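Produce the entire structure from the sequences given, and follow the hints as far as they go.
So you can see what is in the structure, the chains are spelled out below.
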Amino acid sequence: MNTVNTGEAIVFWVCAVLSVLGAVGLITSRKAVHSALWMALTMINLAVLYIANNAPFLGMVQVIVYTGAVMMLFLFVIMVVGVDSSDSLIETIKGQRFLAMVLGLLLIVIMVWGLGSSLAGLPAVGLGEANRIDGGNVQGIAHLIFTDYLIVFEVTSALLITAAMGAMVLAHREHWQPKPTQAQLSVARFKSEEHPGNRPNPGIYARHNAVDTPALLPDGTPTDASIPGALRARGEIAPVDINDGRAIEEADSL
Amino acid sequence: MNSFPWLTVLGLVPLIGSVVVALLPKSMPLLAKQLAFAISLVVLGLVVVMALQFDGQSEFVFQFQESYDWIPAFGVTYSLGVDGIALVLIALSAVLVPITILAGWNDVEQPQSDSVGSVKGYFALILLLETMMIGVFAATDVFLFYVFFEAMLIPVYFMIGRYGGAQRSYAAMKFLIYSLVGGLFMLAAMIGLYVVTGTFNFTQILLGAGIDANTQKILFLGFFLAFAIKAPMWPFHTWLPDAAAASKPGTAVLLIGVLDKVGTFGMIRYCLPIFPAASDFYAPVIIALAVIGVFYGAFVALGQNDLKRLFAYSSMSHFGFIILGIFVFTTIGISGATVYMIAHGLSTAALFLTAGYLMQRRNGSSLLSDYSGVNKPAPVLAGFFLFAALSSLALPGLVSFVGEFMVLLGTFQRYMWVGGIATLGIVITAAYVLRVYQKSMTGAVGSGLEHIKDLTGREISALVPIAALTIFLGLYPAPVLNVINPAVNTVMVMVGATDPAPTVGLISTTSQGAQQ
Amino acid sequence: MNPSNYVILSALLFGIGALGVLVRRNAIVVFMSVELMLNAANLAFVAFARMNGNLDGQVVAFFVMVVAAAEVVVGLAIIVQIFRSRRSASIDEPNLLKY
Amino acid sequence: MNAVATVVHAVDVTPWEMPTLDYRLLAPVLIVLGAGVVSVLFEAFLPRGVRRPVQLTLVFVTLIAALVAVINLNGVRETAGQGALAIDGPGLILQGAVVVIAILGALLMAERGLDPNGDAFAARASSLPGSEDERQFTARGYFQTEIWAFFLFAVGGMMLFPIANDLLMMFVALEVMSLPLYLLAGMARRRRLLSQEAALKYFVLGAFASAFFLYGAALLYGFSGSISFGEIAASLGSKTGETALILIAIGLVVAGVLFKIGAAPFHQWVPDVYQGAPTPVTGFMAAAVKIAAFGALLRLLYVALGGMRWDWTPMLWVISILTMFVGAILALTQSDIKRMIAYSSIAQAGFILLGVVAVSAKGLEGAIFYLIAYAFTTIGVFAIISMVRDENGEATHLSKWAGLGRQSPVIATLFTIFMLALTGIPLTSGFIGKFAVFSAAYASGDKWLVIAAVVASLIAAFFYMRVVVLMFFTEPNEETAIVAIPSIFTTIALAAAATVTVLLGVVPQPLLDLIANAGVFIR
Amino acid sequence: MQEVMPATGVFSLLWLLIALPLAGAAILLFSGRKTNKWGPYLGVFTVFVDAIIAIWMLIAMMGNSAEQRTFSQNEFSWMFAGNLKVDMAFQLDQLSMVFVLLITVVGTLIHIYSLGYMSHDPDKRKFFGYLNLFVAAMLLLVLANNYLLLYVGWEGVGLASFLLISFWQIKPTAAAAGKKAFIINRVGDVGLSLAIMVMFVTFGSVGFDEVFGSTSQASEGTLTAIGLLLLLAAAGKSAQFPLQAWLLDAMEGPTPVSALIHAATMVTAGVYLITRSNAIFDAAAWAATAVVVVGVITMFMGAIIGSAKDDIKKSLAGSTMSQIGYMVLAAGLGPVGYVFAIFHLLTHGVFKAGLFLGAGSVMHGMNDNVNMRRYGALRTAMMVTYATFIIGTLSIMGIPPFSGFWSKDSIIHAAFESNTLVGILTIIAAAITGFYMTRMAAMTFFGKARWEDGVHPHESPKVMTIPLIILAIGSTFMGIALLFWGNIETWLEPVTGFEEKHIAIPEWALITITLILVLAGAAYGWIQYARREVPLVAPRGNWLTRAARQDLYGDAVNNTLVVQPSFWLSRFLVWFDGSWIDGFVNGSAAFFGGLSARLRPYQSGFIRSYALSMVGGAVLVVLALVLVRLS
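Protein sequences, first through last, are from chains S, H, D, L and F.
Following our numbering, the numbering of the first sequence begins with -10 at its first residue and continues without gaps.
Following our numbering, the numbering of the second sequence begins with 111 at its first residue and continues without gaps.
Following our numbering, the numbering of the third sequence begins with 44 at its first residue and continues without gaps.
Following our numbering, the numbering of the fourth sequence begins with 65 at its first residue and continues without gaps.
Following our numbering, the numbering of the fifth sequence begins with 13 at its first residue and continues without gaps.
Rather than coming from a laboratory, the hints here were simulated on the basis of the structure.
Only a predicted model underlies this, so the values are computations on that prediction, with no experimental measurement involved.
C-beta: ideal position from N, C-alpha, C; glycine also.
It cannot be assumed that every hint is accurate.
As the list claims (entries may be wrong) - One-sided excerpt, in silico: chain L residues whose CB lies under 8 Å from chain F:
#	residue
1	Phe276
2	Trp376
3	Ile393
As the list claims (entries may be wrong) - So the derived list for chain L, only partly shown, Cβ under 10 Å to chain S, looks like this:
#	residue
4	Ala91
5	Glu306
6	Val533
7	Gly583
8	Val584
Said to hold, decoys possible - Computed cross-link-like contacts, DSS-like style, restricted to lysine-lysine with a CA-CA straight-line distance of at most 27 Å:
#	chain 1	residue 1	chain 2	residue 2
9	F	Lys474	F	Lys136
10	F	Lys474	H	Lys549
11	F	Lys474	H	Lys486
Now the structure itself:
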């Protein structure tokens, strides 16, 4: 198993191209969610490559843990943050992109050149023997984990505990008072001074349907109630010409 | 030898005193002063008792030796001991501290003083500084010396920065950074010395195999730079005028009178014996710089309008003489340089203290143009001022003359032309010193000065010991020469230099005999 | 072909990942780029395990996945926290600490 | 080792040899990590009101127990955990130092007498800054007691980092150390936006650096066929060829660790994170992470890569000089004291690197001494920074320190002592530390590096002394902050830091002896 | 060779000679106002006791044989290091003896005179303190047994001179004059210092005995160097060309000071120095010639200045310069002249003191006005002053039998003996002396009264006139006494050597020619200033007169060549120090500060740019490793 047969070569080239494609897609997509999907592509291809490299266990773990769990977590967070938000690809930091390209490519060139030039000399022993000893790849890995790497294994638990608790501390919103029930909320709503019903949607009867354009009440007067509070606070309310409404009516009547 | 740890006790007394003074409540400034003064007198007494036991004829170079391991990992010992040169410099410190305290009795509370520190703080710092000064002169371990050399900066830094004049922060910072420049390069050189010799103990370094000439040349520079900045030698001097101008007179006295001597002391104690080959190699350059310093300082002093700056530049000129005397490698030169150190300490003290008295009487102004005709309302002040000026210009009969003449003679002995040129410096010295006296003390009484008070008893009593010592040692310098000459001879042997013999050898046999 | 090509591929992925960190502004994408770099390292470990004929590389890769998972959790928690207080996932936005 | 052994005698599936675990050797780390788990359980099951005292008790008991366990190992020189950990003299000293610093750090973190609202941490880290939630939590006196679990895990990671004897252990220890710190950095009670920003920066850049470390580790593994330091060293000695591979590997691995010590050009996170993180965390982090990371760097370079010293010393010269100067020069113009100290810590890292590049027993000793001296001083510095406050919390702007010497002479004097130590003035620990590393570097022939360090110290002196100028040479004004009276916690920490700073300057020999007796790293 | 005797008997009081006035000075200067009342008398007393001891010593000395008149007293080792060994040791020999007498006796008289002259001065006590200090220093100067100790006295008298010139320091001119005197003297001191250094380097000692004992072994070049340096020193102290400029300004001091210091004693120290160093000058012909040249030049300069000044004291000062020129040139003549230099020094000391005190007496009566154009016809108003002044005038003119005649004639004679040209010049100068002294006497005592309003000339009190009378007696008879009765040549010969030469011109002819020329000068002066009306405002005069009024541009030369360049240099260096040296220092601080400010923006706060620099760092690290391996 120290050489690469043709079948593996074909697999390698296909998966290598796809994984690089995925990687490039990851860093060039405007939308984070697309990046995540490209990432998933790369990971699945890496899983295939692991299996091709006599690491079936890792290949599976890659698919299950990484592609399955971790990427889901990513996607989940992307959803939280806003699935639609897309990244402007225009660089704002002066010189960042140019230098990033120069240094990034330099790093790639050095590594690819350096590794390419020196790897040829390394022996390729193959894992046939190693996988056989304990009766299989999974057993072999298990053997190592529970003997040589036992300490690491144990210590990793600290890491996981930290992670779990960290996520909780940062993301879990505790409440300082019991959450109000539906009924309480409903009562509160009607007790408040505010209009209990839906607020007018933006753009209703208005000239534009942009959120900053006040809705027009049936009588044709604009109402700020349709404008999101943040915009109101910032005073970003589009000016409305009262006549606009009439103009629309006129237009409609045509 | 005497087993009593004289030097440790000598250092501890002011240290403890400093702590005690610092811990006094702020509301008792008078007690702080009295206590500080008493402690400094105790130290002076101890020094006198110790000096009387010093054996000028002893075959031991260092006396009152103490040595304990301190940091064996670095070969560092706590070793103290004094030779004649160190002894007189310790004595100088011990004399000047009580004088400074007495003279600066009310300096901190001056209404025109914009210092931010407390009264007790100032006197505690002075005592702390005294510990450091004694330590730096008494250390016979290079590392220990360095420790005191650097630690000394801190009290002075605070004395300038907390109690100084308008420019005090700038001056304190400049002083500190300048000193650190030298100190850190010295640290590097000291490390090199340690790597080469494997020890820090001064005697062991000398006893060990010599350092090869090329290494010497590098290490020497580190040490010398530190000492040249401290001394200060041209062109490393610009911290001094600022520091002096921003300091209280007492601070300036201790700074220039004693502290800067550490530089020249270090040259004699460390540069010459440890790096003889390098000293020889660099001597021409150093001598050139020293001579430049003599004239440069004098001429700049001639053009100064600020009294304290003027005295600072004059000190720089004097330090030029001292360094000159050291690096001509003649017994007379080095002895002279040592005497000059004492003399300069006294004359600087006299100058700064009288100038300080003067300035107090006019809202702290240090501008020469603000003064004229002081002799009329305050003849005693003017008289002491004149005395200080004469001491500064090395009037024969005063101790500064002994030092200056010996330095010049020692120089002339080795380098006739250098000696000749340097001698011209005495004219310029006279010119700037008398210019100050003439402008400030004579002529019509300046406005605002008509009703100034003459010196009080306290002020006079601070000056009288200086004047008495100046005259006494000028006429009878034997007490000093007796103790320093053996040390100087040792240095000469270590440098491997011999005095040039007279060209006409008639008298030389008897003189040789006298030298032994 | 030689197994070392896997390593070359990993180097390429590593570099692309690094580049991604440098050019992308969405914190999540940046973080994914870091994950890509870790994956590249894993690939290298796996390939080297094969070349060296021992399973240590694979074990390391396994542990890296565990660590990466923990890191992802913490990282995303921090990103979410930042997002909540700033309503933005841009990595350039938190820029109060500078100079 | 084991892998090879199995290859030899097992053709058929054989039962595993059970790993032997010497619990005595593992005790210090296990105690701390175990306590971390217990701490989590406390969080889960104890009522809110008693959590803080219980956690504090747990933390201090644990740390003292860990310290005892470390001392108990005095003189041990062997590997543990199937070679994953190296329990040797330097490792134990560094562990001990981490524990002691952790005690001081815990004291600072436990302080709640300074801020009228509580400790330095957000009442609820998840509440939005400026929200009603936050106000309510604060008003109700909530404490985020989870910090103690994080803290213990971080300490455990720090204790593992310098004794990790293979690349995987080192990587995992790095993460165990870092993840809790990322979290702690983002949990400040005041200026929460800054704190969260610090956490994000620390985290993203830390992960980025970990990736570099990991990739370099992969290459090292590829080269030597093992991740154990001993075998890497052996293969570096025996194998030739593959130069580019090994050089890139060294470069990436070292870059990863240099990030943690804050060496230029991997330093830029330092000022931002130090400034943004809660001050007790900054103090703990600045002191302990430096010890741990330098320990790891030293072990990595001396044990695994010692055979390549002629390759990597020139690189470290460059890094060291760059670090010293970048730190010192940039600190000159800082106006925020935390930020200034952060830059100073960069410069200090440069000085410690001098001991590293010496590649000698003296260098090792010097670096360790410096680390310990520096750690105590730094803890002291941050203790004082946390005490100087105005109505908005800590008054970190330097202008608010003007005239502090008049208002609180004792605190100002202590701070001055720390500044003098950082400057390297004799009779403080900093001087002995500088002397130790400089002389080691000089003895190894790096004269010019020493000269460069001297120049950098000089520049550094300028900004350290500027604080003294501000405190003592200027009159207080209405801007001047006040020094809050701390509880016993901070007082103990501050007193210990000051005492050690002076003591190590005056009688450094015991510690020097201890370090010298510890010998060198086990191979 | 002289035998050095231990100082026993009265000579054991040698130290007391110096200590007594020194103690007086110390008491007077340090005791404060308490001694105001009796202080001046103490000052007089110490000098008076000194004078008595000196006379006693003279008598004792005369009892010894000529070879046994050198007494030495070693007090203690003063300066010693290496092969330097200088003792605090005194030596009294014949040369010193005459000086001690001159100093103490004339000193006593002037002290007594000062009691009257300074009676109304508030700082009288200080004045006597300074005078005592001066006497002590001057005695130290002449009693030292080595050059270094002599140097102490040398500067000591300079100090006293400085203090006394600027005694009325409230006047800026007085203060400036004092400073000027000190600084110019310092230039001379450089000469003395260097001379001592050369001696030490050459002979290994600075003692008189050792140096003079080994001159024969030193090269002539060395000796010439020493001689020229000593000459520089002498020129400074004795106001010889080119360091003459201070003496005229020194007249700002009170008149007794001018009499004692700037006429009788201190200014003649240069002559003492040269005479004392005869062994060196004898072996260094070039140096001796230079001495003569300097003497001649100054002799004429002084005479010319003296002829043009209207200020009575300045005119007398010019005359002093001129007369010291005589002495210096005589000393430069070698063994033929040393004795006469000292002889003239002694007579001059007496008559010039008398003249100055007389001038002081006149000023005392004229409300301190010194302008002779405002005098006239004072002979009736102040008879004693008039008479003594005229005696002094005749003496200085060299009219027989007054003492000046004998000493001056001896010098003229000696000059002819060694060089005819010098001889002729001395006679011409004698003629000019005749002119200016007559002019002075005529303007002061003869002609019409040109007094200012409110001036009522009157004779001075007894305390002032008695010293005048004593000095006048001295001026009259001292020459004869010293020459014929005291036998000054043989007296001094053991110290200075003496040789008599014979010249072509017979002595009587020389005397006659000299007298005729002197009288011609006197006659011209009489006609000009006694017969004709003296204008109240000086006429413009010819170029020489104008130059002489400007002290022959001595100050101008000094200012142009030395003072102004120094001033410019000083200003340049102040600028240089601030802008360049300090500029460099502050500049480097600013450099790092600026660098810091410029680097700060790179800490941009953006995570991505930090990451960028980390990538850069990684690349740097890897490249550094590769480069090291490649190199």
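Checked hints:
1. Phe276: Since the shortest Cβ distance to chain F is 6 Å, the answer is holds.
2. Trp376: Given a least distance of 6 Å, the restraint on L/Trp376 holds.
3. Ile393: With a closest approach of 5 Å, the L/Ile393 hint holds.
4. Ala91: Nearest chain S Cβ about 13 Å off; hint violated.
5. Glu306: 4 Å, holds
6. Val533: Result: violated, 36 Å to nearest chain S Cβ.
7. Gly583: This hint is violated: L/Gly583 lies away from chain S, its Cβ roughly 24 Å from the closest one there, beyond 10 Å.
8. Val584: 23 Å, violated
9. F/Lys474 / F/Lys136: At roughly 19 Å apart (the allowed maximum being 27 Å), F/Lys136 and F/Lys474 satisfy the hint.
10. F/Lys474 / H/Lys549: The given pair, whose Cα atoms are some 39 Å apart, is violated under the 27 Å limit.
11. F/Lys474 / H/Lys486: 31 Å, violated
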